[in-house]
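Participant: Sequence:
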Amino acid sequence: MPSFPLKTLDQFLQKATAATYAGGGGYEKKSQRPGYYELTFKDGDWFYRDSYTGHYRSWGTELVRFKGKPVWNALYGGGMADGLDHLSKDCFQFLKTCLTTKPKTWHSFRGPKSLTRGDWQYRYQQQGDIKMFSGYEEIRFKGKVVFSHRIIGGLIKDR
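Numbering (UniProt numbering), first residue to last: 1 to 159.
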């Protein structure tokens, strides 16, 4: 088991998500990796970095460090469906709304199982827990899939 309560990690992840991409947080001026966008959040001994490349289609990683040591990681990738980039601004704004809407009846590392706002629908399926999970999210506009992401992640266990 890790040297910290899993609930504390979970609470930190919720704060970090709300303070970075989903919450409109600022990007780092200089990325650790050329060609990547990065957002960071720090709270005491905890540090979070979201690092991704691409816009309409993106691939990225979320890394959490505790006392400087990597302890949790999630990888995600996907994006806009072919030919639908013109919907990206509204789609990404809706995605941010979904990522900051946390369900009360189950634990999610992305958004709720479903959310509808006008012609926009969000769906998220997840297997596993904070130790190891996988998920799939999609956004539909007027019933047609316009965006999707696959996500995997979990605890890092070093020697």
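I should point out that these hints are in silico values taken from the structure, not numbers from a laboratory. A quick note: this is a predicted structure, and the numbers were derived from the prediction, not measured. Even glycine gets a Cβ: it sits at the ideal position worked out from N, Cα and C. Please note that the accuracy of each hint is not assured.
Here are the simulated EDC-like pairs of lysine to aspartate or glutamate, each with C-alpha atoms no more than 20 Å apart in a straight line [what the hints assert, rightly or not]:
no.: 1; residue 1: K102; residue 2: D158
no.: 2; residue 1: K7; residue 2: D45
no.: 3; residue 1: K69; residue 2: D10
no.: 4; residue 1: K67; residue 2: D158
no.: 5; residue 1: K67; residue 2: E138
FRET-style restraints, in silico, Cβ to Cβ [unchecked claim]:
no.: 6; residue 1: D45; residue 2: K142; range: 20 to 26 Å
no.: 7; residue 1: K69; residue 2: K113; range: 16 to 22 Å
no.: 8; residue 1: K131; residue 2: G26; range: 28 to 34 Å
Participant: Now tell me if each hint is right for this structure.
Facilitator: Evaluation of the provided hints:
1. Our distance criterion of 20 Å between C-alpha atoms is broken by K102 and D158, whose separation comes to about 30 Å.
2. At roughly 15 Å between alpha-carbon atoms, K7 and D45 fall within 20 Å of each other, so this suggested pair holds.
3. Restraint check for K69 and D10: the C-alpha separation of about 17 Å stays at or below 20 Å, so the hint holds.
4. For the hint pairing K67 with D158, the CA-to-CA distance comes to about 14 Å; that is within 20 Å, so the pair holds.
5. Proximity of K67 to E138 is assessed by CA-CA distance (about 35 Å); at most 20 Å being required, the pair is judged violated.
6. For the hinted restraint 20 to 26 Å between D45 and K142, the CB-CB distance of approximately 46 Å leaves it violated.
7. Remark: the range hint 16 to 22 Å for K69 to K113 is contradicted by a beta-carbon distance near 33 Å.
8. Restraint check, K131 to G26: a C-beta distance of roughly 31 Å satisfies the suggested window 28 to 34 Å.
Hint check: violations occur at hints 1, 5, 6 and 7; the rest are consistent with the structure.
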